[in-house]
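Undergrad: Given next are the chains, with one letter for each unit.
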Amino acid sequence: MPLINFFRKYFTSYLFILPAVSMFVVFSIYPFYKVFALSVYHWDGISSAMKFVGLDQYRHILTQNPNFWTAMANAAYITVLALILQNGLALLLALLVNREIRGDNIYRAIFFLPPVLSGIVVGLVWKWIYDGNYGILNHFLISMGWNDLQNFAWLAEIKTSLTAVAVVHMWKGFGYGFIIMLAGLQTIPNELYEAAKVDGADAWQQFKYITVPSMISVFGLVSILTVLGTMQIFDLIYSMTRGGPAGHTHVPITRIYEYMANGEFGYASAMSVIFGMILFFVSILQLKFSRKMKQL
Amino acid sequence: MNEARIKKTLVNIITHVILLIIAFSCIFPVFWMLSSSLKSQGEIFTQMNILPQHWNFSNYAEVWTKAEFAKYFINSVIYTVFGVFGVVFLSSLAAYGFARLEIPGKNIMFLILVSTLLLPIPGVFVPLYLLLNKLHLLDTRLGLILCYINGGLAFGIFLLRSFFEELPKEIEDAALIDGASRFGIYWRIALPLARPAIATLVIFNSLTIWNEFLLALVVLQDKAKMPIQRGLMVFQGTHMTDYPLLMAGLTIATIPVLVVYLMMQKHIVKGIAAGALKG
Numbered sequence: 001m002p003l004i005n006f007f008r009k010y011f012t013s014y015l016f017i018l019p020a021v022s023m024f025v026v027f028s029i030y031p032f033y034k035v036f037a038l039s040v041y042h043w044d045g046i047s048s049a050m051k052f053v054g055l056d057q058y059r060h061i062l063t064q065n066p067n068f069w070t071a072m073a074n075a076a077y078i079t080v081l082a083l084i085l086q087n088g089l090a091l092l093l094a095l096l097v098n099r100e101i102r103g104d105n106i107y108r109a110i111f112f113l114p115p116v117l118s119g120i121v122v123g124l125v126w127k128w129i130y131d132g133n134y135g136i137l138n139h140f141l142i143s144m145g146w147n148d149l150q151n152f153a154w155l156a157e158i159k160t161s162l163t164a165v166a167v168v169h170m171w172k173g174f175g176y177g178f179i180i181m182l183a184g185l186q187t188i189p190n191e192l193y194e195a196a197k198v199d200g201a202d203a204w205q206q207f208k209y210i211t212v213p214s215m216i217s218v219f220g221l222v223s224i225l226t227v228l229g230t231m232q233i234f235d236l237i238y239s240m241t242r243g244g245p246a247g248h249t250h251v252p253i254t255r256i257y258e259y260m261a262n263g264e265f266g267y268a269s270a271m272s273v274i275f276g277m278i279l280f281f282v283s284i285l286q287l288k289f290s291r292k293m294k295q296l
Numbered sequence: 001m002n003e004a005r006i007k008k009t010l011v012n013i014i015t016h017v018i019l020l021i022i023a024f025s026c027i028f029p030v031f032w033m034l035s036s037s038l039k040s041q042g043e044i045f046t047q048m049n050i051l052p053q054h055w056n057f058s059n060y061a062e063v064w065t066k067a068e069f070a071k072y073f074i075n076s077v078i079y080t081v082f083g084v085f086g087v088v089f090l091s092s093l094a095a096y097g098f099a100r101l102e103i104p105g106k107n108i109m110f111l112i113l114v115s116t117l118l119l120p121i122p123g124v125f126v127p128l129y130l131l132l133n134k135l136h137l138l139d140t141r142l143g144l145i146l147c148y149i150n151g152g153l154a155f156g157i158f159l160l161r162s163f164f165e166e167l168p169k170e171i172e173d174a175a176l177i178d179g180a181s182r183f184g185i186y187w188r189i190a191l192p193l194a195r196p197a198i199a200t201l202v203i204f205n206s207l208t209i210w211n212e213f214l215l216a217l218v219v220l221q222d223k224a225k226m227p228i229q230r231g232l233m234v235f236q237g238t239h240m241t242d243y244p245l246l247m248a249g250l251t252i253a254t255i256p257v258l259v260v261y262l263m264m265q266k267h268i269v270k271g272i273a274a275g276a277l278k279g
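First to last, the sequence lines map onto chains A and B.
For the record, in the first sequence the residue sitting at position 26 is 26 according to my numbering, with numbers rising by one throughout.
For the record, in the second sequence the residue sitting at position 231 is 231 according to my numbering, with numbers rising by one throughout.
Treat the hints with care, as some may be off.
Stated by the list, open to error - Below, in silico cross-link-like pairs of lysine to any residue (SDA-like), each with a Cα-Cα straight-line distance of 20 Å or less:
1. Lys266(B) with Thr187(A)
2. Lys34(A) with Ser48(A)
3. Lys106(B) with Ile29(A)
As the list claims (entries may be wrong) - So the derived list for chain A, only partly shown, Cβ under 7 Å to chain B, looks like this:
4. Phe27
5. Trp146
6. Met260
7. Ser269
8. Leu279
9. Phe281
10. Val282
Rather than coming from a laboratory, the hints here were simulated on the basis of the structure.
Virtual Cβ for every residue (Gly too), placed ideally from N, Cα, C.
Next comes chain A alone, as it looks inside the complex:
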């Protein structure tokens, strides 16, 4: 009776992990499997007729759906801006606050305020700030002499909408990178800088030869989090533009949601798989890259 013995011995132990594990199986593992399974069917989610189409939907998305690639490009545009500007600002601020200045706790608290706010709240407040007729931004810029901005709707113009959304995304996100980079800077032992000073290194040399090499893995971590977070942007887009004007701010998640809302469950799943795989490989590449940099 080894099975019964096994049962008796571990039964109560399994009771500890069973609720969480079974929940996880139902709500995480099954959907994970299901998204792959659905992606090879054409299915509206309701009718009993599921048509097996193999990889047709993948082929269609990759070769015949410019909407998907536009959405990828839009998300990539915001991501590149965030990688350079948002993380650059986060690093600059972390370096400044790390200089043992007065009020560093207050700055830290204020910079982390935007990240704790909800995406919907932030999106709707900024939509009001950007408002063409009554927004405070245009009011301010016009009072500075930019009269051609009268009634200029930042979020409704094709030229400016995506960048306007990106600015809000970076506003909301830089505090997160700032906190992580500041924590990273504080782990660098002060003796390194003292020794460098004795050797006559100036501030730039200290930054180049001590700060940057010590921070490589922190930079790697922040950039992976930035890419994953920004590529999957949704709440801000949904609350500010819903993908408009004319699709110029659509991103992958808004497209996947749209296909699902239109009842194209199989197609939306195939798009999820493609998008998820791209994100996965980009993260792996970033991880490899930051390991390489560390060895140099």
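Go by the hints and put chain B onto chain A.
TA: Frame of chain A; chain B shown alone:
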């Protein structure tokens, strides 16, 4: 000597000017939301005063009662309380099992669990929608709460397991000898000792669930069950230009977040930094 001192003062001034500009830009939108929420409909379209001429608190009364924000707010409280409670209870129970008990196959299970923290699964809401539909949980409060609990499990188990592992075993061994049950030890010894880690979990999950939008969008249709983030979008869709009322609604949705953040700010900032650098 003097020159060095002047240079240092100058650098300090520039530093503070930069930091103050950025700090101002962080606060201004929140301030503008508050200020706009207290203006009258007439004032908001004619004057660009920084502060309202008359403080119109009636906007709050109006969105709270007429625009159903009372209902949205209570729904959000329900989702947050039950979601957080579920995450803390289920993940602490499992984390204790993973840390302390002999369970065949537990390492591989833990690994799979934690790997979902790193693997991006965008669009998982598509199969989740179908699953809830099959379980007759679509458009129900329970369905959304279960999604929120599941969403917090992996991080909760990850955090609490390492906490439990660092606790000294001696107390528990003594209790075992005294005849305490495993559950009794978890409940009366391990859980109270894990209070700091549980506080972290409560804070982060509260903020996440309170601010969550996408799952609430996918799962719920019925206005009466919507949390406040969805209520805001519903209100915005039907009252496009009623900015003072919308800003009052946004403020109502933000006040709990601000209260928690101001009280727990040090804890939150420390938690983010420590969590990110460890992971």
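Undergrad: Any hints from earlier that this structure breaks? Give me their numbers in increasing order, please.
TA: 5, 9, 10
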